[in-house]
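Protein chains in written order, with my numbering: chain Z, 559 to 763; chain C, 559 to 763; chain G, 559 to 763; chain U, 559 to 763.
Hints should not be assumed to be uniformly reliable.
The calculated lysine to any residue pairs, modelled on SDA-like cross-linking and capped at a C-alpha distance of 25 Å, are [unchecked claim]: (1) C:591 - Z:609; (2) Z:638 - Z:757; (3) Z:716 - Z:675; (4) U:634 - Z:631; (5) G:711 - G:692; (6) U:638 - Z:571; (7) Z:634 - Z:712; (8) G:637 - U:707; (9) G:637 - U:571; (10) G:637 - U:631; (11) G:591 - C:678; (12) C:634 - C:678; (13) Z:642 - Z:706; (14) C:591 - C:718; (15) Z:637 - C:703; (16) C:674 - C:590.
Computed, partial: chain Z to chain U, Cβ under 7 Å [as the list claims (entries may be wrong)]: (17) 608; (18) 627; (19) 742; (20) 745; (21) 757.
Rather than coming from a laboratory, the hints here were simulated on the basis of the structure.
Glycine included, each C-beta is placed from N, C-alpha and C at the ideal position.
Number of protein chains: 4
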Amino acid sequence: MANGLEVKETSRIEAFSDGVFAFAITLLVLYLKDPASMGGTSLLQGLISQWPSFLAFVTSFMTILVMWVNHHNMFKYIKKIDTKLMFLNGFLLFFVVLLPFTTSLIAGNILSSSAKVAAAIYSGALLLTSIFWYCLWRYASRENSGLLQPSVKRDHVKKITSQYNIGLAFYFIAFAVAYFSGLASFGMVLLIAVFFAVTASIARV
Amino acid sequence: MANGLEVKETSRIEAFSDGVFAFAITLLVLYLKDPASMGGTSLLQGLISQWPSFLAFVTSFMTILVMWVNHHNMFKYIKKIDTKLMFLNGFLLFFVVLLPFTTSLIAGNILSSSAKVAAAIYSGALLLTSIFWYCLWRYASRENSGLLQPSVKRDHVKKITSQYNIGLAFYFIAFAVAYFSGLASFGMVLLIAVFFAVTASIARV
Amino acid sequence: MANGLEVKETSRIEAFSDGVFAFAITLLVLYLKDPASMGGTSLLQGLISQWPSFLAFVTSFMTILVMWVNHHNMFKYIKKIDTKLMFLNGFLLFFVVLLPFTTSLIAGNILSSSAKVAAAIYSGALLLTSIFWYCLWRYASRENSGLLQPSVKRDHVKKITSQYNIGLAFYFIAFAVAYFSGLASFGMVLLIAVFFAVTASIARV
Amino acid sequence: MANGLEVKETSRIEAFSDGVFAFAITLLVLYLKDPASMGGTSLLQGLISQWPSFLAFVTSFMTILVMWVNHHNMFKYIKKIDTKLMFLNGFLLFFVVLLPFTTSLIAGNILSSSAKVAAAIYSGALLLTSIFWYCLWRYASRENSGLLQPSVKRDHVKKITSQYNIGLAFYFIAFAVAYFSGLASFGMVLLIAVFFAVTASIARV
Chain Z
559 MANGLEVKET SRIEAFSDGV FAFAITLLVL YLKDPASMGG TSLLQGLISQ
609 WPSFLAFVTS FMTILVMWVN HHNMFKYIKK IDTKLMFLNG FLLFFVVLLP
659 FTTSLIAGNI LSSSAKVAAA IYSGALLLTS IFWYCLWRYA SRENSGLLQP
709 SVKRDHVKKI TSQYNIGLAF YFIAFAVAYF SGLASFGMVL LIAVFFAVTA
759 SIARV
Chain C
559 MANGLEVKET SRIEAFSDGV FAFAITLLVL YLKDPASMGG TSLLQGLISQ
609 WPSFLAFVTS FMTILVMWVN HHNMFKYIKK IDTKLMFLNG FLLFFVVLLP
659 FTTSLIAGNI LSSSAKVAAA IYSGALLLTS IFWYCLWRYA SRENSGLLQP
709 SVKRDHVKKI TSQYNIGLAF YFIAFAVAYF SGLASFGMVL LIAVFFAVTA
759 SIARV
Chain G
559 MANGLEVKET SRIEAFSDGV FAFAITLLVL YLKDPASMGG TSLLQGLISQ
609 WPSFLAFVTS FMTILVMWVN HHNMFKYIKK IDTKLMFLNG FLLFFVVLLP
659 FTTSLIAGNI LSSSAKVAAA IYSGALLLTS IFWYCLWRYA SRENSGLLQP
709 SVKRDHVKKI TSQYNIGLAF YFIAFAVAYF SGLASFGMVL LIAVFFAVTA
759 SIARV
Chain U
559 MANGLEVKET SRIEAFSDGV FAFAITLLVL YLKDPASMGG TSLLQGLISQ
609 WPSFLAFVTS FMTILVMWVN HHNMFKYIKK IDTKLMFLNG FLLFFVVLLP
659 FTTSLIAGNI LSSSAKVAAA IYSGALLLTS IFWYCLWRYA SRENSGLLQP
709 SVKRDHVKKI TSQYNIGLAF YFIAFAVAYF SGLASFGMVL LIAVFFAVTA
759 SIARV
């Protein structure tokens, strides 16, 4: 097919993904509650007692933001898509869509006796996200796939792959840590997002 | 009109449809509940007892994803739109928008005595979706419509039409099965989505 | 500025509007409730007793769909935007955003003693929508605005203006009718949407 | 990289931002309630007693609309983005996403003894928004950043910077005023939005 059609293909998968990222990141706010509507204490005390909800909101927001930036950077290298790539991207988005739910789970249970289970679900969903992320990239960047921009060198592909491996390893550790401490696992997910935001801003990905 | 304007037309109906697909797929998550907020059992038991909600979430997510991929592939062949096509596409989106609601119905009733009614509504809405899908494609692909890319051959149009017929037949069967068993009808909708995801990824549509 | 930049301007106001249209149309579904979650009767009886919600859902969906199609057609004629046009479009979107709320009002009150008030609010908000619509079009299409495509003839502008006047008149009547009967006013809004969908599909706007 | 790729980059960050703006502006409507569903008085009385919710809805809608128009105008000058700019834009969007929540806080508490705290949070979040806005613009417009359109003159950059400074100063005053009166601070935020809408429409930014 002509070049014009290929450009159009990529732009639509990006638009759909952007919609899901933007919507999931905005839905997070629905889980923050006005203390006044729950009765009881003063506004400030009510908000302070909700700190797990705010921390979970910040953590998930940062995580989706890092993901969106990386998705953006990844698709800069992709010039063509096929149906398999659309489904791999769709499975990735499945876990993005799930994030507002797992965020509400961690916010509501991090101080309870179910903290470990909640943290395992929260970090486990992100681990699965990074696994599908890895599959998506491997599929698009495999030699002779014809899906990458011809200007992208194999060395550069390897460098990007190893960066994704770091994310995979980090989320695996956060998932494993949930076995010992819910709070530590949760804190690690926040640190991962901050780490990626800082390194991505400094380094030229 | 000039070619530039026609390209713009198609891109906006795609953007609007992408928005509706992306929001509908993300709204599904609002029907998953934190067991802690409902009181009672432990987190893990609470989640396991919600399995119909998760299964319905996965089924509807996969169904919308398959639809989006097919919508994407269909509009690759369409180079021009008119008002009638915009409305046919709009009626199709009506049932996409309805899906989060019918998903909550099937999730909430699949284990109750209303399982058959819920499954009939769930699969019936998808049957109507595939009927409008069929009308949309027939309208766009009818001979001398002037809406398709000139490079698309009649043979190829027929091949695509027969693929859409399969979807129509499958959803009709799922709808009919609801008369006998709600669970069987629900399971069939899940199988249809998996079937289309697998065949679409293997075959070159 | 160069032509490339102007094209970009129009495409972004369309993308933002499409987002709001698509989101508002999808939010409508959140007001449909699973009867099982409200206790009481069987699923089917529960759904049937909710008929005002479904009718309001269909009416508002059709109304937004007609608006989106017309917005699409209007912006085909606009080649350039300025800040005033962005705000006029924003005020128009204000009432689109409000529609899920007025829809829930009409659905919840059409059978109560507040039916007339609810219908006046519902049709009144749509009347205001069509007033801002009219202002937006008059602003863009005024002579020597430089915002329209140069290929658009004055005769054609007048024809479009008179079509928008019909919508304005219809919604004014629906608003006035609410003084006598809520149901009649509500039914009229549904008829207006159907009327515009049918005429738009037949006539070449 | 080629010019084509750079255009694509800007268009995607705009699409993602548009998505977040459009969803946040539409989510505001979810906090308006049907008085019938809350029991008690007549529809009209119930709506009138909810006036803080409507005023907060209008204020936040106008604020997001002004922001979107300015975001649109700012990105007209930006021809290229990098990862740091994507994150600065992301932090800005964090506060846009938070706005439906702070809007519900101000609506629910403006008449209670917590009015000052609610107004401080509401205006404080907007102050932070304008601080990140300022950082984003300074980063993009710093000399030799290579991110601006080459046609943008330094004088023009300075003029825009000083306009953003006005917003910063206004929100700082609204935040400071909250220490004395919640209502006055809230009213000032509404006035700021109206002021920017009027001046932006008159002046050519």
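List in ascending order the numbers of the hints, as given earlier, that are violated by the structure. Numbers 2, 3, 12, 14, 15, 17, 19, 20, 21 - these are the hints that the structure violates, sorted from lowest upward.
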